[in-house]
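Numbering follows the working numbering, with no gaps: position 94 of the sequence shown is 322.
Any given hint could be a false lead.
[Said to hold, decoys possible] Listed below are the simulated DSSO-like cross-link pairs for lysine-lysine, each with C-alpha atoms no more than 27 angstroms apart in a straight line:
| id | residue 1 | residue 2 |
| --- | --- | --- |
| 1 | Lys301 | Lys252 |
| 2 | Lys252 | Lys283 |
| 3 | Lys262 | Lys252 |
| 4 | Lys382 | Lys415 |
| 5 | Lys252 | Lys242 |
| 6 | Lys409 | Lys445 |
| 7 | Lys262 | Lys289 |
| 8 | Lys301 | Lys415 |
| 9 | Lys242 | Lys301 |
| 10 | Lys415 | Lys286 |
| 11 | Lys382 | Lys301 |
| 12 | Lys301 | Lys235 |
| 13 | Lys280 | Lys239 |
| 14 | Lys239 | Lys283 |
Quick caveat, the hints were computed from the structure, so don't treat them as lab data.
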Amino acid sequence: MREFGIKHTDKLVKHLAERGHNEKGINLIIQTLKVALYEAERLDLIRSNPLKHFKMLKVPKLPPRFWSRMEIKQFFAANSEHELYSFFVLAINTGMRKGELAGLCWDRIDINRSMIEISRIRDRYGLRNTTKSGTARHVPMNDTVKSALLALKKKRNSEFVFSQRDGRSMNVLHVYRDFGKAQDRAKMENRIRFHDLRHTFASHFMMNGGNLYDLQKILGHTQFEMTQIYAHLSPDHLANKTQILSFGSEFLEGNQPTKLK
Numbered sequence: 229m230r231e232f233g234i235k236h237t238d239k240l241v242k243h244l245a246e247r248g249h250n251e252k253g254i255n256l257i258i259q260t261l262k263v264a265l266y267e268a269e270r271l272d273l274i275r276s277n278p279l280k281h282f283k284m285l286k287v288p289k290l291p292p293r294f295w296s297r298m299e300i301k302q303f304f305a306a307n308s309e310h311e312l313y314s315f316f317v318l319a320i321n322t323g324m325r326k327g328e329l330a331g332l333c334w335d336r337i338d339i340n341r342s343m344i345e346i347s348r349i350r351d352r353y354g355l356r357n358t359t360k361s362g363t364a365r366h367v368p369m370n371d372t373v374k375s376a377l378l379a380l381k382k383k384r385n386s387e388f389v390f391s392q393r394d395g396r397s398m399n400v401l402h403v404y405r406d407f408g409k410a411q412d413r414a415k416m417e418n419r420i421r422f423h424d425l426r427h428t429f430a431s432h433f434m435m436n437g438g439n440l441y442d443l444q445k446i447l448g449h450t451q452f453e454m455t456q457i458y459a460h461l462s463p464d465h466l467a468n469k470t471q472i473l474s475f476g477s478e479f480l481e482g483n484q485p486t487k488l489k
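Construct the entire structure; sequences and hints are all you get.
Structure, rendered in structure tokens:
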């Protein structure tokens, strides 16, 4: 261990890359190794952490994956009787995270105002009165979401919107399995992660005239840069903004814009 250093880490990185690991996966392995070496340093097993100044690999920013309208229709058509159908419907119509949906209670839903308050999450550790950003946010609901919620309210008597049959909050770990099986049932060629339903919502929000500022508030992003990954999906966004200002058009020949030759 005392002889372990940067050159050994470089060899490890090269080996992992050759085995098919991507940059994010390699960084996770190196970070785990770095933590272990800090512990070894604390126990005086080594003089100092040789990876202290090791630079993590740059992870390329890939465009978000999402389903087209036809793919969404294909998925829902095949899963209309699925136990989590309404769970999937809310995810793709609100952009809510898996844990936010699992932790959603009826006291946070205002049908009359068409608004959902997100202030708690359900994760593998249980129910927590917090969110990823640490603050509550409000998400508007469309008629589809409203109908799904009203139907759910009639089915089960539980404080949780999505619950197990005995009324307890649902196990979020089962969502991965159930979503995968639902895609199998729909014979989806473009397979996505459950989190990509959030990307699907955001992408279609922008493609249908939404703006980045509103999207940031709905998704609960603390940093605007996180929302900007969807900017390219609104090609007319900046072009339309130039129409706000228009000077001198009354003196143009024909008073109509012409194409340059």
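Verification of the supplied hints:
For the suggested pair Lys301 and Lys252, the alpha carbons sit about 32 angstroms apart, so the restraint of at most 27 angstroms is broken. For the proposed pair Lys252 and Lys283, the alpha carbon gap of about 13 angstroms is at most 27 angstroms, so the pair holds. Distance check on the hinted pair: Lys262 and Lys252 sit about 15 angstroms apart at the alpha-carbon level, within 27 angstroms; holds. Taken as a hint, the Lys382 and Lys415 pair is broken in the structure, with Cα atoms around 31 angstroms apart against an allowance of 27 angstroms.
Proximity of Lys252 to Lys242 is assessed by CA-CA distance (about 14 angstroms); at most 27 angstroms being required, the pair is judged to hold. Of the supplied pair hints, the one linking Lys409 and Lys445 is violated, its CA atoms being roughly 32 angstroms apart against a limit of 27 angstroms. As the CA atoms of Lys262 and Lys289 are separated by approximately 24 angstroms, the hinted pair is consistent with the 27 angstroms bound. Of the supplied pair hints, the one linking Lys301 and Lys415 holds, its CA atoms being roughly 12 angstroms apart against a limit of 27 angstroms.
Using a Cα cut-off of 27 angstroms, the hinted pair Lys242 and Lys301 is violated, with the two alpha carbons roughly 43 angstroms apart. In summary, the hint linking Lys415 to Lys286 is not supported, as the alpha carbons are separated by about 35 angstroms, beyond the 27 angstroms threshold. About 25 angstroms separates the Cα atoms of Lys382 and Lys301, which keeps this hinted pair within 27 angstroms; it holds. For the proposed pair Lys301 and Lys235, the alpha carbon gap of about 52 angstroms is over 27 angstroms, so the pair is violated.
Proximity of Lys280 to Lys239 is assessed by CA-CA distance (about 17 angstroms); at most 27 angstroms being required, the pair is judged to hold. Note on Lys239 and Lys283: the hinted pairing holds, with a Cα-Cα distance of about 14 angstroms set against a maximum of 27 angstroms.
In this structure, the earlier hints numbered 1, 4, 6, 9, 10, 12 are contradicted, and the remaining ones agree with it.
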